[in-house]
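Throw the hints in and build the complete structure from the sequences for me.
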Amino acid sequence: MAMHAVHKMLAAAADKTEVRPGEVITAKIDLAGINDVYLIVVRSFKEMLGEKVWDVDKVHIFLDHNAPASDLKVAEAHKAFREFAEEQGCHIDDINEGIGHNLLPERGLVRPGNIIVITDSHTPIHGAYGAFAAGLGATDMAAVLINGSTWFRVPDVINVRLDGKLQDGVMAKDAALYVLGQLGSEFGTYKVIEFSGSVVEALSMEERTVLTVMATEMGAKSTYIKPDKTTIDDIRRHTDAPFVVHETDPDFKYAEEYVFDLTNLKSQVAVPHSVENARDVDAVEGIPINQVFVGSCTGGKRYDIEVVAKALEGKKIAPNTRLVVTMATKDVLKESIEKGYYQILVDAGATINSPGCGACSGLLGGIIAAKERCVSTANRNFPGRMGGSVEAEVYLTSPLTAAATALTGKLISYNKL
Amino acid sequence: MKISGKVVVYNHDNISTDQIIPGPYGYIQDMKEMAEHALEGADRTLRQRFRTVGNIFVAGSNFGCGSSREFAVIVLKESGVQAVIVKSAARIWYRNAVNLGLPVLFCPTLPESIKEGAEVEIDLAAGTICEVATGVIHKGEAPSDFIMGMYKEGGIKPMMRKQALAKRD
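Chains W and B, in that order, are what the protein sequence lines are.
Numbered per numbering that gives the first Met the number 0, the first sequence finishes at 416, counting up by one with no gaps.
Numbered per numbering that gives the first Met the number 0, the second sequence finishes at 168, counting up by one with no gaps.
Hints in this document: simulated from the structure, not taken from any laboratory.
Keep in mind that the hints are not guaranteed to be accurate.
Said to hold, decoys possible - FRET-style restraints, in silico, Cβ to Cβ:
hint, chain 1, residue 1, chain 2, residue 2, range
1, B, K151, W, V243, 33 to 41 Å
2, B, P157, W, E86, 21 to 29 Å
3, W, E255, B, A125, 47 to 55 Å
4, W, E85, B, K166, 23 to 31 Å
5, B, E111, W, V283, 27 to 35 Å
Don't be surprised by glycine CBs; every beta carbon is placed ideally from N, CA and C.
Written out as structure tokens, the structure is:
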């Protein structure tokens with residue numbers, strides 16, 4: 000039977016020669032990640048009579064969602080995580096390191112063929128590297144920590160082919176929002192979304208991860224981008240560890256295929272309160288914006304900070320608008336200092352937080368009030384997402400649109416500046 | 000597995016985990032206390048209605064989209080919800096529900112027609128829901144044998160405890 004590369008990875012992880020969509024398998028896990036929202040993992044681990052995690056090298060705890068601790072409850076949770084990591088001897092990235100999803104590829108820990116589970120819905124981001132990566136709930140994760148494996152229903156694979164060439168000023172985020180606008184927020188549920196085509200091939204690894212992380216908002220279980228020279232070069236800059244690239248069989252039939260030519264794509268915005276409310280920024284240009292948030296695993300990476308800083312160089316943000324920048328990781332922060340971006344951002348009037356998930360999680364670092372509007376480079380605009388007020392409005396855009404909006408105080412695409 | 004009770008209806012699509020339990024409450028360690036905020040971002044009366052109207056919650060499609068937070072299942076259980084009938088659900092929310100032993104049935108027709116307070120009988124393994132007053136039967140999607148196996152064990156925690164105790168013997 001013709002198999003997709005993802006099916007071959009799952010078969011290998013299940014010690015099988017082949018798997019079929021719909022079949023339930025038990026797959027060995029290469030990396031398990033836990034973030035600081037889910038101390039319940041530790042509680043469930045104990046309730047399941049767990050004693051030692053199955054492999055200390057494969058377990059990573061990230062204190063990234065609410066870092067540094069914003070209140071006493073969070074501080075207590077962080078303390079309990081540090082104690083658990085100490086007791087078990089597993090990895091822990093403390094509050095200074097940044098977002099787990101971005102730390103892993105920086106360390107060469109995401110490689111083709113890997114089976115990755117993290118207690119975070121944006122885990123499908125790692126399919127950009129040819130890994131199979133799915134989000135899990137906390138109690139599910141506790142069982143993984145004990146068994147080193149978990150069950151998966153082998154998913155169908157959908158191919159989203161992005162043809163043509165993105166124009167200057169148009170980013171991967173615009174492409175992702177456009178796909179959401181066309182296909183909605185549910186088309187990928189229970190399935191793997193593969194991204195292919197000339198647009199994808201031309202993107203850097205960081206920009207590819209914007210497609211795969213936004214696939215979470217398309218409902219995807221996991222994602223896949225066929226590893227190519229860009230992928231392999233990026234991984235080899237970080238690690239010499241071996242990996243196997245599985246190839247999709249030439250006669251494999253996708254469950255669904257969608258083709259878009261993005262040559263004429265303009266900057267996109269997802270207006271409140273759904274990720275699928277995507278339209279041209281030009282169509283809603285001029286909406287007054289109280290805050291611009293640049294950050295998250297989706298929009299706080301090296302390249303995002305670089306394009307925002309270059310757009311703001313020598314300029315000031317508009318009066319009555321706030322610009323909150325939260326870099327994804329410590330390495331992004333260091334580079335921003337080395338290359339002068341940090342200085343540019345501060346001079347332009349930005350408020351800069353320490354690395355982490357920040358306001359995207361709605362927990363700290365730029366929560367917005369009722370009836371305020373925020374343009375965000377992050378990934379969700381659900382009611383109450385940025386701090387609890389369901390009357391607050393979040394507009395999702397690319398980093399370039401965010402920078403242009405910060406400069407004018409009104410929603411506007413960079414190409415219209 | 001049969002479950003009967005009266006329904007609380009909120010037939011809206013794309014109810015996200017941010018609405019079921021807003022992120023900032025995620026650090027509350029007492030689940031009963033957390034559950035006081037259940038569905039706060041959707042409709043503040045729902046939690047009360049689980050006490051006064053019924054224990055079977057009916058909603059629309061893509062229920063539980065968004066974050067992986069298991070609290071979005073826990074707060075429903077803590078609020079007394081015995082079963083959930085939706086047109087469809089987001090993957091992680093559904094998986095969490097199975098792991099925590101909260102029966103979920105996918106049914107495209109019932110959320111459209113059922114009235115608040117109506118009494119229903121769910122046959123989970125068969126994937127059917129019967130409206131008691133009229134005898135109308137709605138055909139939903141029966142869970143796979145694997146999922147039914149998880150439900151019968153009461154979720155993943157009892158399964159794992161059993162595994163651990165078996166190893167010790």
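Quick rundown of the hints versus the structure:
1. B:K151 <-> W:V243: 33 to 41 Å: 38 Å, holds
2. B:P157 <-> W:E86: 21 to 29 Å: About 25 Å separates the Cβ atoms of P157 (chain B) and E86 (chain W), which means 21 to 29 Å holds.
3. W:E255 <-> B:A125: 47 to 55 Å: 29 Å, violated
4. W:E85 <-> B:K166: 23 to 31 Å: This hint holds: roughly 25 Å between Cβ atoms.
5. B:E111 <-> W:V283: 27 to 35 Å: Taking Cβ atoms as reference, E111 (chain B) and V283 (chain W) lie about 32 Å apart, which means the hint holds.
Comparing the model with each numbered hint stated earlier shows that hint 3 is the single one that does not hold.
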